[in-house]
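Once you have looked at the hints, place chain B with the ligand on chain A.
For the record, the sequence lines run as chains A and B. All letters in the first sequence, in the order written, are residues 130 to 258 by our numbering. All letters in the second sequence, in the order written, are residues 16 to 448 by our numbering.
To be clear, the hints were calculated from the coordinates, so they are not data collected in a lab. One or more of the hints may lead you astray.
[Stated by the list, open to error] Counterexamples of contact, computed for chain A against chain B with all Cβ distances above 12 Å:
| id | residue |
| --- | --- |
| 1 | V205 |
| 2 | E217 |
| 3 | Y232 |
| 4 | V241 |
[Unchecked claim] Partner residues aside, some chain B positions facing chain A, computed with beta carbon under 7 Å:
| id | residue |
| --- | --- |
| 5 | V391 |
| 6 | P393 |
| 7 | F396 |
| 8 | D398 |
| 9 | I400 |
| 10 | T425 |
| 11 | V427 |
| 12 | G428 |
| 13 | P429 |
Here a beta-carbon is modelled for each residue, glycine too, at the ideal position from N, C-alpha and C.
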Amino acid sequence: MLVKQISIFLENRPGQLAKACRALAASNVNIVTLSLADTTDFGIVRMILDDHVKGFEVLSKAGFAVRDTEVVMASVADRPGGMAELMEKLDKADVDIEYSYAYALGNSDKAVLIFKFKDNAKAEAALAH
Amino acid sequence: MNPISQKDYIDVAGLRKMQLAKLQELIPYEYERVPLFRRRCDEKGVKPRDLATLADLAKFPFMIKTDLRDEYPYGLTAAPMKDIVRFHCSSGTTGKPICIPATMADVDIWSDGVARCLAMYGIMEEDVLQVSYGYGLFTGGLGAHYGGEKLGCAVLPTGAGNTEKQIMLMKDLGVTAIACTPSYFLHLATTAAQMGVDFRRDTKLKHGIFGAEPWTDEIRRKIEEISGITAHDIYGLTEIAGPGVAGNCPYCNGLHVWEDHFYPEIIDPDTLEVLPDGEQGELVFTTLDRRGTPMVRYRTRDISRLQTEPCKCGRTMRVMDRIHARTDDMLIVHGVNVFPSQIETGLMKVPEIAPHYQIHLSSTDTLDLFEIKVEVVPEAFSDNIRDLEALRKRVLAAVKTIIGLTPKITLVGPGTLPRSEGKIKRVIDNRKK
Ligand SMILES: [Zn+2]
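Just chain B, with the same shape it has in the complex:
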């Protein structure tokens, strides 16, 4: 076992004690330095000393994404600038960005999370890790990069884009692991096929570390089938650290949360009550060690569940369900709640279509128009109109059984849905609000 993995197996009682001790340090630190947190605690009539047990955390106020925007740039910064070594920002789709100043220790804890994920996937110092996440303000690139170096991998910092060159380097340098978004990997695979490169035959690629966007089990199987690699899931978010908050082990059906650094809770998003392990709800994190921009009870908008059964691998860190849905992603079409991931699950049951699709919503005065564009796989293209119409009906049936609605299905040619750095915007919602 890599020594970095030892922390994954700490006994549960010791872990709970450690978490409480860290919280009892964090809460007064935050109360003293972040006016927003202090004000909210005062409004609720809760004082830092009220935290006597882990369950007492529920007495403290939540933080939400808009807090990060409203307090931009330094309102939530708890450490002095002399201790800050790095910024990460995410722009979001509307208005002000969010900004996360981090101390050296914060960067180190984050790297530890990534490195422990990599070790858990079976990646070793001998591995050559290509980082095809974007570098810069986005946490994906630098997060995977520092984590890979911390483990001792040879890191190839390609960043996203320039896909043909990436494939050439992957071949020539004997890359064994790649970290990128699942949709970028699918784009790489398509480009490799066009270049006549077969991942199994021409590369040493064994591991894919995928995150930064929700993806389904069907996409995972598709990736493994077309490339012969093992697809690993890495979870994280800029507000908490970036990738490396949680990852899957070879046994678990979910992701181990590095809860020695990131304390998870599941709440009912409507009543805001804490739910017991085993129940599904909104995932909430408290950063136990972060000092640059600590987050107390940050609501992620991600829907998950903390599993109750211990994992066969022996790690004591709780397992959360894979994220299939983000409360923000939910669409309401004809009064029905629809998640893009449900549509994806349906589409993946039809082998003749590529794992690329786009949901279009628009409206007239009286009704919503709901269309799904799917790319036809070149090998499955029939010369016959009847076959294509039949294919369209099968796609519709596969989606309809899951969401209970009847979208218009439009078949489009391979590679024709617009991509940016290999990523297709999944939902185009032009409805009048």
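Chain A extracted, bound-state conformation:
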């Protein structure tokens, strides 16, 4: 499934991530999942929000560099070999993964992963089989 993700640019200064979270909370936007990628100097926070449009607006207004990206949400059977099956499908279809992270979802028998592929549509087609 294709979903909308929001990324913001973070300087490695204390309080930056908290500031973003506070801005969202103040506008009642819920963070469904969040992942942080960083280098020594800066970071990128990637988030899936319950209200993407409002979240984008809130973070832009708060002064962050914001970008929205489409990512693929894929579920994996939560049993040994589940992940391997998924990766095999992607391998066969020869799609490049730019990054991926786990999507936290309470009490479910499935693990959910978020992927950013170079070609999301192609990857999604491969996963549908």
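Showing chain B with the ligand alone in chain A's frame:
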């Protein structure tokens, strides 16, 4: 043509004659009234009557910024207090301020310089001029204000700060021209974008009159591109008058100096010899008409050149190169001379970064740490670490090719560099001296 512009076209021979006549009045006036000037002339063995030609001015002593501090408050004042109508002061970063008492005629000459600049930019009586320079002791606000009124513009004296209100007034009152620092204009543009105001669509703004800080051609293009206005350059300094000493015409690649009021020379800053027109050096001014605080051969610390080719516009007033560097601004990093304007020129070649940057210098016992912080443009922000690293490398390459050094480049979020009234302090030098 606006009648105020007629003086811009005086024939060259007449102009030189006028300048000599004014100098022959000024030099004895100054000699008689300002002890510092008299003492220096005596030390050099030069008398006011030795001024027979314009070239003879080179025999007379210079004035420098520290003279203004040392003689604070009234040591360089030549007119009696009954003739003084205005003070302007600038504090500088260290110690004593400088103070420039001015007579009514001085204020009028200064306003004439500003008004002629405005007329040269194509601004007319019908124009609504917003003055967003600071008012008060600083010359920017009142200088632009009086010049605008002298030309007959409708002047909106907003001063600096309260940016959102300024944008509202600009829209509502149909402001067509704004006078402010280039960095304040960039701040206004950012704020306008956040408010959903598009200068092209929502305002009548056509002209920007920018000065009071050195700015590059790249910043000029950036301003014109984001706002659709024409960016005009106005030059001046408190010690000589404030803004309105020189400005650019639509044809010239530089600024016409109102040399009927402000006599320019270019000197070699090391040997102090006068250089011929066409050569680059330190700009020196003599205030031909000022009587409150006259300046004879005041060294501006600005690096420029007086051009030799006559301007296509027909004005006879000489054209000086735009000021890209001030001798005071030069930084020495790892033994290399670096001007912030060179760094700016490099940064402006990378479209993904905002025209906001800050140079940080600090030192350990053995080495200088040299860092440039640049703001990422929101639209150019990539979701990908690799892209941002690549952007950083491109910024570094752009700067490195110009200055030959390898600073650390740090990307920071939009709007995060600290601003005061929209102005970012460009250089933070914490090195041990
Ligand atoms: Zn011209």
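Each hint, compared with the structure:
The beta carbon of A:V205 sits about 23 Å from the closest Cβ of chain B, which is more than 12 Å, so the claim that it is off the interface holds. With a least beta-carbon separation of about 26 Å from chain B, A:E217 lies farther than 12 Å from that chain, consistent with its non-interface assignment. Distance check for A:Y232 against chain B: the nearest CB is about 17 Å away, which clears 12 Å, and the non-interface claim stands. Interface exclusion of A:V241 from chain B stands, the closest Cβ pair being 20 Å apart, more than 12 Å.
Here the hint on B:V391 is kept, as its CB sits about 5 Å from the closest CB of chain A, short of 7 Å. Interface restraint check: B:P393 against chain A, minimum CB-CB distance 4 Å, threshold 7 Å, status holds. Below 7 Å, beta-carbon pairs count as interface contacts, and B:F396 has one with chain A at about 4 Å; its hint therefore holds. Among the interface hints, the one on B:D398 holds; its C-beta lies about 4 Å from the nearest C-beta in chain A, closer than the 7 Å criterion.
Because the beta carbon of B:I400 sits about 6 Å from the nearest beta carbon in chain A, less than 7 Å, this interface hint is met. Restraint check, B:T425 versus chain A: the minimum CB separation of about 6 Å is within 7 Å; hint holds. Against a cut-off of 7 Å between C-beta atoms, the interface hint on B:V427 holds, since the closest Cβ of chain A lies about 5 Å away. Interface restraint check for B:G428: the shortest CB-CB distance to chain A comes to about 5 Å, inside 7 Å, so the restraint holds.
The interface hint given for B:P429 holds, since its Cβ lies 5 Å from the closest Cβ of chain A, which is under the 7 Å cut-off.
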